[in-house]
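Peer 1: One letter stands for each residue in the lines below.
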Amino acid sequence: MAYDKFSTITSPAVPLTIENVDTDQIIPARFLKAIERKGFGDNLFRDWRFEKDGSEKAGFPLNDKKYSGKILVAGKNFGSGSSREHAAWAIYDYGFRVVVSSFFADIFKGNALNNGLLPVVVTPQFLQKIFAAIEKDPATTFEVNLEKQTFTINQTGETTNFEINPYKKHCLQNGLDDIDYLVEMQNEIEAFEAAK
Amino acid sequence: MTSKTLFDKIWDAHVVKEVEGGPNVLYIDRHFIHEVTSPVAFLGLKNRGLKVFRPDQTTATPDHNVPTINQHIAVKDELSRTQLEMLKANCTEHGIVHHDLGSEGHGVVHIIGPEMGLTQPGMTIVCGDSHTSTHGAFGAIAFGIGTSEVEMVLASQCIMQPKPKKMKITVNGKLAEGVTAKDIALYIISKISTSGGTGHFIEYTGSAIKSLSMEGRMTLCNLSIECGARGGMIAPDETTFEYVKGRKYAPKGAEWDKAVEKWRELKSDDDAVFDTELTFDAADIEPMITYGTNPGMGMGITQTIPTTDGMVGSDKTSFEKSLQYMGYNAGEAIKGKPVDYVFLGSCTNGRIEDFRAFTNFVKGKKKAPNVTVWLVPGSKQVEKQIKEEGLVEILEEAGFKLRQPGCSACLAMNDDKIPSGKYSVSTSNRNFEGRQGPGARTLLASPLTAAAAAITGVISDPRELK
Ligand code: SF4
Chain A
1 MAYDKFSTIT
11 SPAVPLTIEN
21 VDTDQIIPAR
31 FLKAIERKGF
41 GDNLFRDWRF
51 EKDGSEKAGF
61 PLNDKKYSGK
71 ILVAGKNFGS
81 GSSREHAAWA
91 IYDYGFRVVV
101 SSFFADIFKG
111 NALNNGLLPV
121 VVTPQFLQKI
131 FAAIEKDPAT
141 TFEVNLEKQT
151 FTINQTGETT
161 NFEINPYKKH
171 CLQNGLDDID
181 YLVEMQNEIE
191 AFEAAK
Chain B
1001 MTSKTLFDKI
1011 WDAHVVKEVE
1021 GGPNVLYIDR
1031 HFIHEVTSPV
1041 AFLGLKNRGL
1051 KVFRPDQTTA
1061 TPDHNVPTIN
1071 QHIAVKDELS
1081 RTQLEMLKAN
1091 CTEHGIVHHD
1101 LGSEGHGVVH
1111 IIGPEMGLTQ
1121 PGMTIVCGDS
1131 HTSTHGAFGA
1141 IAFGIGTSEV
1151 EMVLASQCIM
1161 QPKPKKMKIT
1171 VNGKLAEGVT
1181 AKDIALYIIS
1191 KISTSGGTGH
1201 FIEYTGSAIK
1211 SLSMEGRMTL
1221 CNLSIECGAR
1231 GGMIAPDETT
1241 FEYVKGRKYA
1251 PKGAEWDKAV
1261 EKWRELKSDD
1271 DAVFDTELTF
1281 DAADIEPMIT
1291 YGTNPGMGMG
1301 ITQTIPTTDG
1311 MVGSDKTSFE
1321 KSLQYMGYNA
1331 GEAIKGKPVD
1341 YVFLGSCTNG
1351 RIEDFRAFTN
1361 FVKGKKKAPN
1371 VTVWLVPGSK
1381 QVEKQIKEEG
1391 LVEILEEAGF
1401 KLRQPGCSAC
1411 LAMNDDKIPS
1421 GKYSVSTSNR
1431 NFEGRQGPGA
1441 RTLLASPLTA
1451 AAAAITGVIS
1461 DPRELK
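Chains A and B supply the protein sequences, listed in that same order.
In terms of my numbering, the first sequence opens at residue 1 and continues consecutively.
In terms of my numbering, the second sequence opens at residue 1001 and continues consecutively.
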C-alpha cells in the first residue's frame, strides 16, 4: 500500500488524555467487515464519537471544533489489544500522520509504521507538557521533524528527540513498504529454504 | 558458543537476513488466515500482480463472522457473507487449503491448527490475529500480525521483524483445586498489567506450568498478548509430543522419530540470559475474575474491587471510568453480583478440556433460569468429541444447549452479541468496552467459574459448589 512520503509536519494537535486506549475503541470490531482499505476514518473511535443515532457526542475531542490537525496526542499504552491493522488505517484515513504517546502497544506501533503513520514516544513528563500546551491554546502548533527525529512544542520551543528504527525511517521518508523489499529478495529466500 | 534461550534458538534459525539498521527478515513456517484480516492482503497481491509464494504453508478457515446456529443456511449478514465468499475465492485462486464453514476441519483458527498437527515445536507461526500466541504452547514462536504483514507472508513467506526482548515467567508449586490455566494467566496479567510484557516474548516455565495439559498451556500462551507481550511459549516435552503424535499433519514413522529428537533440543540453556525474569507461586492463585475493562483488572474471586486510594491523576480517572462502565463501586465484593449471560468458548477456552470441565461441574445441577448460556465449541472436532463423549446429554439434562463452532461472543462481529448493560461471565480473552457488543459488560473467568455462574445465576466461587 503506497502512502504519502513523510517529511516535516507542523500542525496543531488533538488531545486524547485517556489511557490504555485499545484497538476496539479505535475501531470497533463491527467495522472490520470491509474488503477494501477505504472509509475507516469515518468510524474512528466510533462509540466514543457518536451516539447510537449517529449524532456526535459532545465533549469528545474529535468532535470539539477547537481541536484540529494531523497529530493525535494520546495517554499512555495507546493501541493495546487486537492486531487489527484497521486501527492504524482508521487513524491515517481520518487525517492523522503522527500519534504521540508515552507508550504504545507493540503491534499497533508496527502496524502504524507499515502504514505511513508515525508513532512518536515521548516521556510521561513531556506528554504532560504537550497536553498543557494544547489546553492553554488549542491552536498551538507542534513540529515533527522525522529527519532530525525531533518533536517541538512551538509555543514554548521545548524539543524532545524520539527514536525510530533507521530502516523504518527510510521507508517512511520514501513512501516505501516492506513488501517491495521482500519480493526483491526471492532468490535469497529460496536459498534459505533449500538450506533448511 | 554463547548460551541461548528457547526463543533465540528458534528465532535465529529462521533469520534469512538482518537488514542493516533495521529488522530481521524472518522466515515463516506456518501461516493461518481467516476472513477478516486477509481480503485486503489478497487485494494488495493482486494490485502488485503477485502470486502466493508458498500456498501449502498457509491454511484458511472462517471464524470471526460466522453464525453459531443454523450454519447450514446462508449467512444472513451481507458484509460477513462477502468476507466468507472472498476468503473462499482467494483460497481457490491461490491453491490454499480452506476449511469452510460446516466442513470437518472448520473452527476457530487457533483451535484447528494444533488439532490437525499443523502446529509443531520449533516452528515460526503467524496469523492476522493477536491470539496466534496460542500456538506457542508447543514450543513454537507464534504471534499475531497486521494485514500488511499477512500480505508479506503471502508474497514471500517472510516478514520483517525486529527481535523482541525475552522474559521468563516461572510459576512453581501446585495449583489448588478449582484453579486452572486461565486463572494463572489472569493472575499474571493482574500482577504485571496489560503493558507489563510489552516488547517481550515470554517463556513460561516452572513446575506448575510443566504439569499443565496441552489445552491448559494453550490457554496460558493465548493470553500472553493481554499483558502486552508479542507471544508466549513453553518448551516442548513428553506432554507436547504425546499431543502432536498421530495428528493429520504430524510427521509419521521414521520422520516422527527424527522430529522428536530435534524437538528435545528445544529448551533454554541453563545459563541463558533473559531481559526480565519473574517468579510466582501457584499456591497464591485462586479462581480469578475481572471487574473492569481491561484484562489486567482482575482479582481473586473472594476479594473486593480495589479502592482508588493511592491512585492519582489519569490512573485514577481511567480506573473510575472503567468501574462506571461496569456499574461497580470501588471496594465492593464481586461475589453474589448478578449475571445475565455466560459464554463458554473462544480460542482461549473453547477446547475439549474446557467442555469437560464445564460439563463435569454442572452434572446433576440445573442452569439458573435468569441466565442465557452460550456454549460454543472451538471447532468441528471439539463439537464431535463433545458428542462422542456423551457430554451433550449431561449438558442438556442440566438445561444447556450446544451451539456450533466459531468465535461467537468473543467479539461482536457475528450475531452473538451481549446486549448493552448486561453482565456476561465469559471464558474469552478481552473485557474491553463493547468487545462483546456495544455497552456489554464482560467478566473474564475460567470455565469452572463460568459454570458456577451459570448454575447460581450470580458470580460464585466454583470451589464452594462442589
Ligand atoms: S475466538 Fe476471539 S480472540 Fe480467538 S480468534 Fe476468535 S475473535 Fe480472535
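Hints in this document: simulated from the structure, not taken from any laboratory.
As the structure is a computational prediction, the values presented were derived from the model and not from experiment.
Misleading hints may appear alongside valid ones.
[Unchecked claim] In silico SDA-like links for lysine to any residue, alpha-carbon gap of 25 Å or less:
1) A:K76 - B:K1337
2) A:K76 - B:L1050
3) A:K129 - A:N174
4) A:K196 - B:M1123
5) A:K38 - B:L1050
6) B:K1422 - A:R49
Peer 1: All hints, please: hold or fail.
Peer 2: Here's how the hints hold up against the structure:
1. A:K76 - B:K1337: violated (31 Å)
2. A:K76 - B:L1050: The given pair, whose Cα atoms are some 39 Å apart, is violated under the 25 Å limit.
3. A:K129 - A:N174: violated (31 Å)
4. A:K196 - B:M1123: At roughly 12 Å apart (the allowed maximum being 25 Å), B:M1123 and A:K196 satisfy the hint.
5. A:K38 - B:L1050: Satisfied, since the Cα-Cα distance of roughly 22 Å is no more than 25 Å.
6. B:K1422 - A:R49: holds (22 Å)
Violated hints for the displayed structure, listed by number in ascending order: 1, 2 and 3.
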